[in-house]
Amino acid sequence: MNHPITVTVNQRVHQHSVEPRLLLVYFLRETLGLTGTHVGCDTTSCGACTILLDGQAVKSCTVLAVQADGSEILTVEGLARDGALHPIQEGFWEEHGLQCGFCTPGMMLTALQLLARTPDPTDRQIRHALDGNLCRCTGYQHIVNSVRYAARKLRDADPPESQ
Amino acid sequence: MIPAAFEYHRPSTLDEALKLLADLPDAKVLAGGHSLLPLMKLRLASPAHLIDLGRMPALRYIRREGDTVALGAMTTHWMVESSDLVGRTVPLLAEAASTVGDVQVRNVGTIGGSLAHADPAADYPAALLALGASMVAQSPRGRRTIEATAFFTGLFATALAPDELLVEIRVPVQRGSGAYMKFPHPASGFAVVGVAVSAVVAGGRFGDVRVGLTGVGSVPYRAGGVESALAGQPASPEAIAAAAEHAPDGVDVNDDLFAPADYRAHLARVYTKRALLLAVERAG
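Taken in sequence, the protein lines are chains G and Y. Going left to right, the first sequence walks through residues 1 to 163 as this note's numbering numbers them. Going left to right, the second sequence walks through residues 1001 to 1284 as this note's numbering numbers them.
Because the hints were derived from the structure by calculation, they are not lab data. Note that CB positions come from ideal geometry on N, CA and C, so glycine has one too. Among these hints, one or two may not hold up.
[As the list claims (entries may be wrong)] Between beta-carbon pairs, the in silico distance windows are: (1) S1082/Y with Y140/G: 53 to 63 Å; (2) P4/G with A1022/Y: 20 to 30 Å; (3) G101/G with G1284/Y: 18 to 28 Å; (4) E1281/Y with Y140/G: 24 to 34 Å.
[Claimed, not checked] Which stretches of chain Y does chain G cover? Using the computed rule of at least three CB atoms under 8 Å from a CB of chain G, they are: (5) 1027 to 1037; (6) 1099 to 1111; (7) 1131 to 1140; (8) 1215 to 1229.
[Claimed, not checked] From the structure, some residues in chain G lie toward chain Y, with a derived Cβ separation under 8 Å: (9) M1; (10) V63; (11) A80; (12) G83; (13) L85; (14) Q89; (15) Q113.
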């Protein structure tokens, strides 16, 4: 039996009737046509399908679409605003944080989660936070640099209150 | 990979959830889903009904009750890892939580789901055994408390009855020092061997010491041989090394392609020694 769900994806409200076994990543890709979220390993390992679900980084291949009913979702398509790249996208651009690009959407959304919790992360904290995202091209160093770039940029845009 | 078809239920109260569990044949409970959904995708599990506890805020809490910290079963690993209360009162539990899976898994996976699933390589059981925790199960027949030492009954098997839900985990405030160390499987991150130590060290000697191990056998266990070898002994590297030799005593050690039994037993001794040394170091 199908279930009606309402989700807000990249600030747009969507209502659909879905089969309970439909995975969130296929809902995003096939029902909504948002193919920026990638299916990599399909086993909760690689992190390519990472999105933000109510502000929390999750692997959307391991969440049912019905579980996301009533939630707010951010995917890679929602990062840029009015044609301007988000600081995390700018970081990956400027610091060469990608080669083939397959892991990049998941990397960026996981990085956003880190920067929301830890605005000024050390390299070690960046590497620990990206533990659940695999990249087979870069060797990770440029990805770490990209996240550091974005952290600096976000801090400059929104400096912490002084005392 | 797509799970087999099932009926989906999302109760909003505990009574409703318990009734569904009692009434529906072939039902599984969905907590965070990060163990169950992968099994369903592989069709290793094909339940007819899923009861989703995701919208029951009444099962998502961490609070202090006297000398005990009570955690609702739907509390996520991230909530455990980042909680000030847990960090202050049972830091060993926060340390174990912080080593589960990766950030995304910890955001969704729950302590109750992990415990009820009873993976023999899960991290929490070692810490909960060392901390002397207990689990609260509820059914239409009432509530009961199960000691951690009696909770895990076999490979992916617990003392929970078919109509019981694990609703709360109760952890006594940590006395003394603690440490959790694991040798993670390089691909899955699960503990090939994980060792949790809770130790009272006074005047350079061990008082109450409890050592919990996971990943070694089909069920997590307390290493009684290590504990008794340390009782009243000086907290010295020599005494620790000698006691740690008993870590796999009496256990039918798991054997697989990655870690044959003799290697895993060796890891159990080494990680027990390291966790004890770290706990003593932290005791100051």
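So, going through the hints one by one against the coordinates:
For the hinted restraint 53 to 63 Å between S1082/Y and Y140/G, the CB-CB distance of approximately 25 Å leaves it violated. Range check, P4/G to A1022/Y: about 27 Å between beta-carbon atoms, so the 20 to 30 Å window is met. For the pair G101/G and G1284/Y, the beta carbons lie near 49 Å from each other, so the given range of 18 to 28 Å is not met. The supplied range of 24 to 34 Å is met by E1281/Y and Y140/G, whose beta-carbon atoms lie about 31 Å from each other.
Only when three residues or more bring their CB closer than 8 Å to a CB of chain G does the claim for the region 1027 to 1037 of chain Y stand; here the count is 4, and the claim holds. Using a Cβ-Cβ cut-off of 8 Å, 7 residues of the region 1099 to 1111 of chain Y lie near chain G, which meets the minimum of three, so the contact claim holds. For the region 1131 to 1140 of chain Y, the stated coverage by chain G is violated: 0 residues have a C-beta nearer than 8 Å to a C-beta of that chain, whereas at least 3 were required. With 0 residues carrying a beta carbon less than 8 Å from a beta carbon of chain G, the region 1215 to 1229 of chain Y misses the three-residue requirement, and the given coverage is violated.
For M1/G, the interface hint holds, since its Cβ comes within 8 Å of a Cβ in chain Y; the closest pair sits about 6 Å apart. Hint status for V63/G: holds, given a least beta-carbon distance of 7 Å to chain Y, under 8 Å. For A80/G, the interface hint is violated, the least distance from its beta-carbon to any beta-carbon of chain Y being 23 Å, above 8 Å. With a cut of 8 Å, the hint placing G83/G at the interface with chain Y is violated, because the nearest CB-to-CB distance is about 29 Å.
A least Cβ separation of about 24 Å between L85/G and chain Y goes past the 8 Å threshold, and the interface hint is therefore violated. Because the closest C-beta pair between Q89/G and chain Y is about 20 Å apart, greater than 8 Å, the hint is violated. A hinted interface residue such as Q113/G counts as satisfied when its beta carbon comes closer than 8 Å to some beta carbon of chain Y; here the least separation is about 7 Å, so the hint holds.
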